[in-house]
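Asker: Take the sequences, apply the hints, and build the full model.
There are 2 protein chains.
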Amino acid sequence: MDCNNFLNDEDILKDQNRIQPFVNAIIRNKHLFKDKVILDLNAGLGLLPILISRSGAKHIYAMKSHDHAQKILEQNNINNVTLNKKPIKDVELDCKVDIIISAWMGNMLFYHGNILELIAARDKYLNKDGLILPDKGQLYLQSIEDGEYCEQKMTFWDSVYGVNMKWMKHWVKHEPLLESIRENQLNSDPVLIYEVDLLKCTIEDLSFSNSYQIQINRQDFITGVIIWMKYSFTLTHLPINVIMGPSKSPFWKPVILYFNEEIPASKGDKLKGSLAMKFNSEDLIDIKLSVHTKQYHQIQYFRLN
Amino acid sequence: MDCNNFLNDEDILKDQNRIQPFVNAIIRNKHLFKDKVILDLNAGLGLLPILISRSGAKHIYAMKSHDHAQKILEQNNINNVTLNKKPIKDVELDCKVDIIISAWMGNMLFYHGNILELIAARDKYLNKDGLILPDKGQLYLQSIEDGEYCEQKMTFWDSVYGVNMKWMKHWVKHEPLLESIRENQLNSDPVLIYEVDLLKCTIEDLSFSNSYQIQINRQDFITGVIIWMKYSFTLTHLPINVIMGPSKSPFWKPVILYFNEEIPASKGDKLKGSLAMKFNSEDLIDIKLSVHTKQYHQIQYFRLN
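Protein chains in written order, with full-length UniProt numbering: chain A, 1 to 305; chain B, 1 to 305.
Quick caveat, the hints were computed from the structure, so don't treat them as lab data. Mixed in with the good hints, there may be bad ones.
Remember, identical chains collapse to one label, so a pair may be satisfied in a single copy or spanning two.
Lysine-lysine pairs mimicking DSS-like chemistry, simulated, CA-CA at most 25 Å apart [what the hints assert, rightly or not]:
| hint | residue 1 | residue 2 |
| --- | --- | --- |
| 1 | Lys64 | Lys294 |
| 2 | Lys169 | Lys14 |
| 3 | Lys86 | Lys124 |
| 4 | Lys253 | Lys14 |
| 5 | Lys85 | Lys64 |
| 6 | Lys89 | Lys267 |
| 7 | Lys169 | Lys64 |
| 8 | Lys272 | Lys34 |
| 9 | Lys153 | Lys14 |
| 10 | Lys86 | Lys14 |
Answerer: Here it is in structure tokens:
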């Protein structure tokens, strides 16, 4: 359910996992902000603009600001922040900026995020040699054993309050699940499958097709793969990495993709394949997963929409 | 975060608290449906239309149906259901109906619900002597002691990562909280503050101003009131009451309204006041709460938006 704007802001401010990396990127990196012009794409109540101002920035343009942000700025004696309630696409800035700060991330890096807004703002306003915070995103892939839960999910459709809904089973298997799993359900090490550099990427780069090879680390069945994300501030004095892992993802969830059939595997077995993601918009992502072993070959299609 | 349509349907079907009352209203009340024409405003995958068909209905018009609903109907040999993916407002039925079934409820009965859709469909299509399922909704009010949590919420704004956001305290107190509380935080019995009859209500009836009197049941402080809802199928053979109580509300949450200051009260004290709710739309509700004791008088305004 949607809550109002203000409650959302409160929830975000109270979610340390989301806010702390941004706060650290600012207050421990004053050298980046000193005398610079900054664009914050999602200012809310003004927390980050105020911290940026205190870090010595020359001026901050703060988009999507909350009604109360002006009063909070005043009570903190901040007078070099220009607030605007609108998103950047509806605003015309009269200068370029040195740094853009944006929580552009969504699930699977881009799903329901703000990446298109960031790319457009970057191309229009970011100075040559300007910075983006955070500036990198990565996807990792790992194999999982999740047979019991998968089976439960399937069995449900046999009889829903006495109604035969078996038809749904085929579709359910092809729905990406936005869920975490338990650590002990992972049966390979993670491999990096995709990396994006926000300073350079184009909209085309958000779609990709990359091969992977994972090594199975125990005698087990493989019911599918889990894809989880990391995003980073690599331009700060010390890099800040935020890992939304397979079993612990406080906010942006990993995605589970089930194979049509589980694959019996032994320790040391190699599983190869490729993952293709076609980014249609922030709300619509097509995913193609191929997997093969010596005995086994499969391609599957999924859609997040 | 939004998930896709289909996952929503799965979640709803798996939420027994939401589905079971509707299922019972159908399968234990075949006499209501026999040879009747039914309108289901939110058919999804077709569970309720199929159960209604099996209960002997003549025909079912099923709105907002899911892509897969047609196939599920076929696999259950149902051929007296007309599916439509659109909401009823975008459809023109060529006959009247005997029963409308709709999960019209939202938080505080109406917030983010579908009440306007139901009223419009009722006025246009429901036969004289037709039924609505569920047909009644009620709001109850109880006083609470919630000082510690309330204080925590306020203190947070003193320093948010070092930024003074005290300005927000005043506003936070006037935000209705969509939250449950623990049973032992209730310090009065509940009183009925509002009742709506879906067969008769007009849009004007969704706004109201009613007085209340509650008796405090222990020596305690009163930090505010909680308002929780009940909805009922009273036209079934046995009435089916679904209570979304103050401490246990599996889906639609109660609303907590804090007084400006907590009130010291003794066992047997009477707290009087009035609650006014102005319904602007399903997404916007203004609430005015007045409270008075011998020593104390206060009026507060809240908004759910």
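Asker: Please go over all the hints and tell whether each is borne out by the structure.
Answerer: Right, here's what the structure says about each hint:
1. In the homo-oligomer, the alpha carbons of Lys64 and Lys294 never lie at most 25 Å apart, since the shortest distance is 53 Å inside one protomer and 46 Å across protomers.
2. Taking the shortest alpha-carbon separations for Lys169 and Lys14, only the inter-copy value of 15 Å comes in at or below 25 Å, while the best intra-copy value is 39 Å.
3. In this assembly of identical chains, Lys86 and Lys124 lie within 25 Å of each other by CA distance solely inside one copy; the values are 17 Å within and 40 Å between copies.
4. Taking identical chains as interchangeable, the C-alpha atoms of Lys253 and Lys14 lie at most 25 Å apart whether they share a chain (18 Å) or sit on different chains (21 Å).
5. For the identical chains of this complex, Lys85 and Lys64 are intra-copy neighbours only, at 4 Å inside a copy versus 35 Å across copies, given an alpha-carbon limit of 25 Å.
6. Taking the shortest Cα distances, Lys89 and Lys267 never come within 25 Å of each other, neither inside one copy (52 Å) nor across copies (59 Å).
7. In this assembly of identical chains, the alpha carbons of Lys169 and Lys64 lie at most 25 Å apart only when taken from different copies (21 Å versus 42 Å within one copy).
8. Taking the closest pair of Cα atoms, Lys272 and Lys34 never come within 25 Å of each other, the shortest separation being 48 Å inside a single copy and 58 Å across copies.
9. In this assembly of identical chains, the alpha carbons of Lys153 and Lys14 lie at most 25 Å apart only when taken from different copies (10 Å versus 34 Å within one copy).
10. When the C-alpha separation of Lys86 and Lys14 is checked against a cutoff of 25 Å, the pair qualifies only within one copy, where the shortest distance is 23 Å, while the shortest distance between copies is 39 Å.
In this structure, the earlier hints numbered 1, 6, 8 are contradicted, and the remaining ones agree with it.
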